[in-house]
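Colleague: Sequence:
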Amino acid sequence: MITIPRAVLAAWRAESARITPIEIGLINLTFRVDRPEGAIALQRLHPIFAGEVNLDIDAITAQLERAGMRTPRPVPTNHGGLWLEHEGVWRALTWLDGSVHTELRSPAIARAAGALVGRFHRALEHVEHRFHFTRPGAHDTARHLAKLDAALTSDGPHTAHARPIAEAILAHARELAPLAPTRARIIHGDLKISNVLFDEQGADARALLDLDTMAHGIVAHEIGDALRSWCNPGGESAEDAHVDPAIFEGALEGWSTSMRGALDADEIDSIVPGLETIALELATRFATDAIEDRYFGWDRARYASRVEHNRVRARSQLALARSVRSHRAALEAIVSRCFR
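As numbered in UniProt numbering, the sequence shown has no gaps in its residue numbers, which increase by one up to the final residue, 340.
Source of the hints: derived by calculation from the structure; they are not laboratory data.
Incorrect hints may have been included.
Unchecked claim - Straight-line C-alpha distance at most 25 Å; calculated DMTMM-like pairs for lysine to aspartate or glutamate:
| no. | residue 1 | residue 2 |
| --- | --- | --- |
| 1 | K147 | E167 |
| 2 | K147 | E292 |
| 3 | K147 | D269 |
| 4 | K147 | E239 |
| 5 | K147 | D293 |
| 6 | K147 | E128 |
Can you make the complete structure from the sequences, with help from the hints?
Modeller: Dropping the structure here:
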């Protein structure tokens with residue numbers, strides 16, 4: 001059980017607040033903190049994020065607000081800081097009421113999420129921002145594959161159990177063409193469906209959450225990751241993961257309402273390859289952590305260990321990559337209908 005240090009609570013005038021842990025999310029530790037002056041989301045950042053990431057969030061969410069979009073905004077400490085370093089890096093964001101989906105089974109919900117993401121991209125299309133915090137290689141697929149290959153040479157306690165799925169991932173990767181280079185844009189960087197905030201009824205997409213991963217990136221990575229999350233109706237741990245073409249089409253119909261005319265031909269052509277690449281990349285990362293046992297959060301209610309859950313997730317994401325490859329022509333026809 002994680003407790004919030006008293007100094008952290010004091011920094012946001014929350015010593016007597018009601019505190020509720022938020023279980024959704026694999027990386028940052030999040031609490032809803034109900035104070036007399038209003039609720040906040042109080043977070044301890046994962047060590048991969050430096051405090052300076054909050055400078056980027058502050059600048060870009062200000063731009064989103066100016067464009068008329070709802071967005072979480074940083075809540076300064078008593079001393080005006082955007083974060084506090086005390087037994088980790090802590091920060092607070094404005095609390096937005098609503099609901100989140102952990103799985104997406106409706107084309108209408110995919111369309112609503114896609115439309116919100118399109119508005120996000122359009123709002124930031126011409127914004128010039130120099131990021132204070134960057135994570136080079138976040139979507140360096142070759143590097144992730146090399147890391148998995150190296151992990152297989154270890155003699156740790158989990159290597160043998162992870163070897164079959166790891167070798168299957170590496171075999172699939174050998175037939176995967178590199179993504180073509182396209183222009184860099186400001187992207188969200190982690191558009192899994194649980195990072196889209198909906199209204200209480202779960203129908204209207206209202207805001208994007210978990211903004212630490214914003215960066216300059218490419219459409220293939222950004223939309224590939226969104227479609228990876230949204231178009232697999234069984235969720236990230238489903239053994240029979242596959243692309244649902246109706247949800248795929250709904251998502252792109254929604255996104256294209258804002259982005260039609262904003263993408264060049266190479267970006268459009270990169271959407272389906274990006275989906276396959278990102279699914280395989282995530283399978284690679286899960287398989288690596290199934291060996292190293294140190295990074296991803298995991299579902300303690302359903303699995304005995306992080307290692308076990310990571311093996312399941314690695315198999316799921318490889319199944320999704322295989323589904324994309326086998327249905328590529330049909331998916332590309334959907335892309336063409338939405339953008340050409």
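Colleague: For every hint, state whether the structure bears it out.
Modeller: Cross-check of the supplied hints:
1. K147 x E167: It holds: about 13 Å lies between the C-alpha atoms, which stays within 25 Å.
2. K147 x E292: OK: K147 and E292 at ~11 Å, within 25 Å.
3. K147 x D269: Violated, at roughly 28 Å.
4. K147 x E239: 24 Å, holds
5. K147 x D293: 14 Å, holds
6. K147 x E128: It is violated: about 33 Å lies between the C-alpha atoms, which goes past 25 Å.
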